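Following the hints, put chain B in place on chain A, whose structure we already have.
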Amino acid sequence: MTGAATTAIPAAAPSVETILELRKLHKEFPAVVALDGVDFDVRRGEVHALLGANGAGKSTLIKIVAGLYRADAGEIRIAGNLVELRDIQTAQKLGVSVIYQDFALAPNLTVAENLFLGRELMTPWGLIDWRRTHVQARRLLDRLSIDIPTTMKVSKLSTAQRQLVEIAKALGIEAKLLILDEPTASLSRGEAEKLFDLIRRLARSGVGIIYVSHRLEEIAPLVSRVTVLRDGRSVGTYAVDQLDRANVVALITGHERRSPERSRRSDGSIGAPLLELRGLSRAGEFEDISLSVGRGEILVLTGLVGAGRTELLETIFGARRVGAGEIRIGGKVVKFGSPRDAIRSGVALLPEDRRGQGLALIMPVAANMTLAALGRFVAVLLLQPQRELQHVRRMIAELGIKTSGPFQAAGLLSGGNQQKLVLSKWLSTSAELFLLDEPTQGVDVGAKDEIYRLIRDLAAAGKAVLVASSDLEEVLEIGDRILAIRRGRIVGEFRGDSVEPARLVDAITHGQAA
Amino acid sequence: MKGGIIARCESALGRIDPATIGPGLALLAMIVVFSTLSPYFLTRTNVTNVLVQSAPLLILANGQTFALLMGGLDLSQGSIVSLVSVVTAGVMMRHHIALGAAAGLGVGFGIALANGLLIGRARIQPFIVTLGTLYMAAGLAMVYSGGSSIFGLPKPDVDYFFWFGGGFIGPVPVPVLIAVLLIAAAHVVLTRTRFGRHVYAVGGSEAVAVMSGIEVDKVKILIFLVSGGCASIAGFLMSGRVISGQPLLGAGDILLQSIGAVIIGGTSVFGGQGGVPRTVLGVLVIAFMVNGLNLLAIETFAQQVIVGAIIILSVWVNSLRRQRP
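Quick note, the sequences are listed as chains A and B, same order. My numbering numbers the first residue of the first sequence as 1 and each following residue consecutively. My numbering numbers the first residue of the second sequence as 1001 and each following residue consecutively.
Rather than coming from a laboratory, the hints here were simulated on the basis of the structure. Any given hint might turn out to be false.
[As the list claims (entries may be wrong)] Straight-line C-alpha distance at most 25 Å; calculated DMTMM-like pairs for lysine to aspartate or glutamate:
(1) Lys24(A) to Glu84(A)
(2) Lys1218(B) to Asp341(A)
(3) Lys335(A) to Asp1217(B)
Just so we're clear, the structure is a prediction, and the values are computed from it rather than from any experiment.
Chain A with its partners taken away, still in its complex shape (with noise of 0.2 Å):
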């Protein structure tokens, strides 16, 4: 690691000490390339951090090495051997462990019960060996120095404890690589600490390790070296000493970043404030948050995962209750119990859970678009699906949504189209305010621009637009006005056109204020 500057060092020739390379990985999904002939390694006792922004290929490349995806092409060595990772059982055989986000325990099950589940100790009887379990499993969490009792039920446990859990689980079947995505998100910064150390331990006993994140700064004390994608490409791996917070962020983003095409309308054209909030609040989730948004603008909030973007809209739609503070639409304080009323007062919210919220995915494109809507298409109490269908042909050939026709289902479609779709569904009633939650996500880049322009078409329409979204590139290309919130607090107000993209990163990692 005595490179200057930021030559990307070549990757580790193979040897014994690789545990993982990947060579042209390559992955395609329907109209989309999420991996483009990745080349990546991980060597024994190594802590290696894969960097990249949404939709850079962080999460395919690790669903890949996990069994989860199968690439289309490119070769996967573990430990020098060439091998075919066909499901998540051969996966784990060969040593590799993933722990996720949202974690793979069962709740209602005792700390010992899942660190063995699935490999149970047994007695000669056929039965489980209980004692033996929880010594066992003592003596596992023992060598992390993890203080929890084995009989306790992991719905009891934190969040950070939970993790712990993971890992001494991914340790318990002797994993050899340990892929880490974006462990410490919702941790607090001690809890962080004794995550790294944990990981530092691991890694001098010989594991190797990806860590998945969006922040550098802090985790370059726990890590080797660094690879950053984007776009589905590797943009170089470096050694973690050749890195500024500067460059890393001009590494993700990209240097190229397209000029925005329009004229911001930061002032001046932009009409009374839609949605004002005042103080709103709710506890654990976000606090004290005030904001307005104008008819014809765009505003962003950005923050990292966890930050309580979802949260805040979801209270704005009704779906959850208002701890404190009001929400006033169109200079009116509004109290809504669900989204319906929501909904009848021009709300309009695209969630971020797509196909858990945004669309009933065995039901057709045409009934999915006019579900909020049908009442346009009521006469004599009957629904006329002539007008229904005529509807629905015309909207997708506005919004350009690739289908066979209004009768597929709308799970067959795309993720871009499926957004189309859910935001026609919207664009069906009379909504003004429109809240769009991630709205890009597991969207292809194509397909992106088309959705960015629909967006600000609705601006342009004097339609109020409140866009939740961590994608950096994202939030620079559509934001009039961007917020950056950070635990649920709003940490900085920046000018479309006017902000410094590593500013905006301060803000939503390290919550200084612009």
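Using the frame of chain A, we list chain B on its own:
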């Protein structure tokens, strides 16, 4: 265009719902086989008989379709039949058929409403709620009747009563006419009203329904009112056909047939897909199968084995058809 968006949703190639092809072919095959084996099978008398006998099942399954479409089940239908039967007959005995009908149907709809409120407002699983009311309504029917049948209903009321269960208007049997009207109404409701669309949405994804502004609890209450209401009407007709109040009228396998018919028709047990036309096919498959086997003098117990196998087979065939995610 008559079927509307939902009915057309799975028929990419035109008007035939591909889910109905399986049970449709099964029905055709049965008719061919039974009519060659038994010359009596396709006679007008036999077909009329089958239809009259299956009218209550048509009505029950018609209501049950709503429950399955939302991803639930109504287990209380059979017990509602029994309770409606004894209350109608009991009140008729002392008063008048109109009062008897009002009391009987009123009690049946009351149970249906209780189901709906417990499922919609108290948010308890449909399976649990209707398992509870299955027991309660069955018990109430026994308590009310003292455990014995109520015979000897007064004239002329008893004649009107029988007219509903076994009478004719011209060549058309009254219970069949009532069943057809209810089925037509249900089909229009499901395919052409907002409530109908909401039923599919709740069954397709409850979270999406909530986020689309649908009042999910009201939808659920209405669904179980429809299901229990249909059971009440079926109970009234069945009771009229036997011109008595029978505390065990719905205790047989009519409930399981009702659920089985909906499933054989191809409505998904997970909700969101299916409809009344499919259910009609399912009922006809069961009814003609049982009738044909009877004509061939195959004993009842063997028939049960066959009906059970058809239920599993039809779901299996359907799952093969939708292998794609």
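Structure-based check of all given hints:
1. With a C-alpha separation of about 15 Å, the suggested pairing of Lys24(A) with Glu84(A) holds against the 25 Å cut-off.
2. Straight-line distance between C-alpha atoms of Lys1218(B) and Asp341(A) comes to about 15 Å, which keeps the hinted pair within the 25 Å bound.
3. The straight-line distance between the Cα atoms of Lys335(A) and Asp1217(B) is roughly 20 Å, inside the 25 Å bound, and the hint therefore holds.
Hint violations for this structure: none, all hints satisfied.
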